[in-house]
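Following the hints, complete the assembly by docking chain L onto the known chain Y.
Number of protein chains: 2
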Amino acid sequence: MEKLTVFFVSDHTGVTADAVGTSLLSQFKGLDYKTLTVPFVDNHDKAMALVRRVRESMPAIIVSSLTDPAIRAALKDCGMPVYDVFDAFSEPLAKFLGIEATVASGHTHGMSSGYHDRIDAVNFSLALDDGLKPERLGEADLILVGVSRAGKTPVSLYLAMQYAKKSANYPLTPEDLDAATLPEVLLAHREKLRGLTLAPERLAQIRNERLPGSRYASLENCRQEIQAAERLMQAGNVPVIDSTRRSVEEIAALIVHAG
Amino acid sequence: MEKLTVFFVSDHTGVTADAVGTSLLSQFKGLDYKTLTVPFVDNHDKAMALVRRVRESMPAIIVSSLTDPAIRAALKDCGMPVYDVFDAFSEPLAKFLGIEATVASGHTHGMSSGYHDRIDAVNFSLALDDGLKPERLGEADLILVGVSRAGKTPVSLYLAMQYAKKSANYPLTPEDLDAATLPEVLLAHREKLRGLTLAPERLAQIRNERLPGSRYASLENCRQEIQAAERLMQAGNVPVIDSTRRSVEEIAALIVHAG
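So the sequence lines, in the order shown, correspond to chains Y and L.
Counting in this note's numbering, the first sequence runs from 1 upward without gaps.
Counting in this note's numbering, the second sequence runs from 1 upward without gaps.
Think of the hints as simulated: they come from the structure by calculation, not from any bench.
Note that the Cβ used here is the ideal one computed from N, Cα and C, for glycine as well.
Misleading hints may appear alongside valid ones.
Unchecked claim - Straight-line C-alpha distance at most 20 Å; calculated DMTMM-like pairs for lysine to aspartate or glutamate:
hint: 1; chain 1: L; residue 1: K133; chain 2: Y; residue 2: D129
hint: 2; chain 1: L; residue 1: K29; chain 2: Y; residue 2: E56
hint: 3; chain 1: Y; residue 1: K46; chain 2: Y; residue 2: E56
hint: 4; chain 1: Y; residue 1: K95; chain 2: L; residue 2: D120
Said to hold, decoys possible - A few chain Y residues that don't get close to chain L, going by computed Cβ distances all over 12 Å:
hint: 5; residue: Q27
hint: 6; residue: K34
hint: 7; residue: E56
hint: 8; residue: T181
hint: 9; residue: K192
hint: 10; residue: E201
hint: 11; residue: P239
Next up, chain Y with everything else stripped away, as it sits in the complex (with noise of 0.2 Å):
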């Protein structure tokens, strides 16, 4: 058939739509298609301003988080196929809690409780970034610890910005690693220690990127540092989680819902 295109709708900014409809489509090998989203459809001239595109697009099908009903129903009438996560899962849901689903608090927006918490963490992962401010370490809900490059910023600021923990980060140094023990500074806050470890290769990789050819960047270099940094790890009893294989999102989550 002609390159489908896959419209990922919702009421609300797309991303939950975009990733169970990426997520969909994955499993069809070979499909070529394209994607558009479109966010925020909410009443019945955006939906009707949709058809039409969806009209002047197809084949197309539509991956849909619409809480609306009739906005459903309205897509719908443009006679391509709709998936739409709240007409799968609310009717069942509705018979087996014995409560009827309402329409108006379908979506739990943004400035939701919560929203403000996630905001300070941005704040404060961004604060006490790369070892800035160890003075408030104490207010950390997370401490994640590693050599330089070794991925604790990004993986800070997602705690932060999806789970609205408050992350610090601290790289250890050399001189850190040439120590018999994890700096005192840390020790202090032993239990909200979380390493982050990665194959020498793959570091050396990441640091001749940023200073080629460098000593700090050499492999020779890098696995002395690693090595150090988990025997310091090990003796502090710190849990280590190895980033070489994982995207930061999953690193986050494995810290998050640890054990």
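Chain L only, in chain Y's frame:
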């Protein structure tokens, strides 16, 4: 009924199952429940361990995003309802497409194409936060502009993390606000500029948390700064978003999907 436990289950990070489930449940007002996210359920042993946890937490339901039908089947065996996005959509979509769904490639894992672009974008956004390194603005996909504390940094980081946008942000200083036009360094990249504004009352509140009682935080000063910033952005034809009642995610979606 007794307090319900809702399990958000995934063979990946659980973020999608969590988002779908939270939206779904918010439709049922007055429902008393607690949630438990269980990520990385990607083999039979983990599925069985989860079944035991679910059985100990009755009454319970499962909202999930599990690519492997065998794991979904194992969960259903615990007798509680399972609302799974793949269960709901894979088969109808396969029929429509005339292609069989494959299990293995189900989830788009974090290390997929696009992942390194997102990490690069985060590092870029950090490097060009708060007006730093203006000489690199040419590399940016987007440049957020606004007065101090208008919320540029979290939006910039989210644009990078979620959408792989290299987003810089530039605070308009009192000197910038006194000028007749936006700074030359910004006007050189006019098509990349996106303005953020907000209600003076909200800005004063945010600034007062930082510097209580200061002239910087006074309502009068906030009003003047915002007025001047909006005038400059209008004169420069910069699209402006009001962040007063919008979350970071909403602002980012509006910027990315504008037009």
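Tested hints:
Taking the CA atoms of K133 of chain L and D129 of chain Y, the gap is about 19 Å. The hint holds against a cut of 20 Å. Restraint check for K29 of chain L and E56 of chain Y: the C-alpha separation of about 39 Å exceeds 20 Å, so the hint is violated. For a cut-off of 20 Å, the pair hint linking K46 of chain Y to E56 of chain Y stands: about 16 Å separates their Cα positions. Of the supplied pair hints, the one linking K95 of chain Y and D120 of chain L is violated, its CA atoms being roughly 47 Å apart against a limit of 20 Å.
With a least beta-carbon separation of about 4 Å from chain L, Q27 of chain Y fails to lie farther than 12 Å from that chain, contradicting its non-interface assignment. No Cβ of chain L approaches the Cβ of K34 of chain Y within 12 Å, the least distance being about 15 Å, so the stated non-interface status holds. Chain L leaves E56 of chain Y outside its interface by the beta-carbon criterion, the shortest separation being 16 Å against a cut-off of 12 Å. At roughly 30 Å, the least C-beta separation between T181 of chain Y and chain L is larger than 12 Å, which holds for a residue marked as non-interface.
With a least beta-carbon separation of about 21 Å from chain L, K192 of chain Y lies farther than 12 Å from that chain, consistent with its non-interface assignment. Consistency note on E201 of chain Y: stated as away from chain L, and its beta-carbon is indeed over 12 Å from all of that chain's, at 16 Å minimum. Every CB of chain L is more than 12 Å from the CB of P239 of chain Y (nearest about 16 Å), matching its label as outside the interface.
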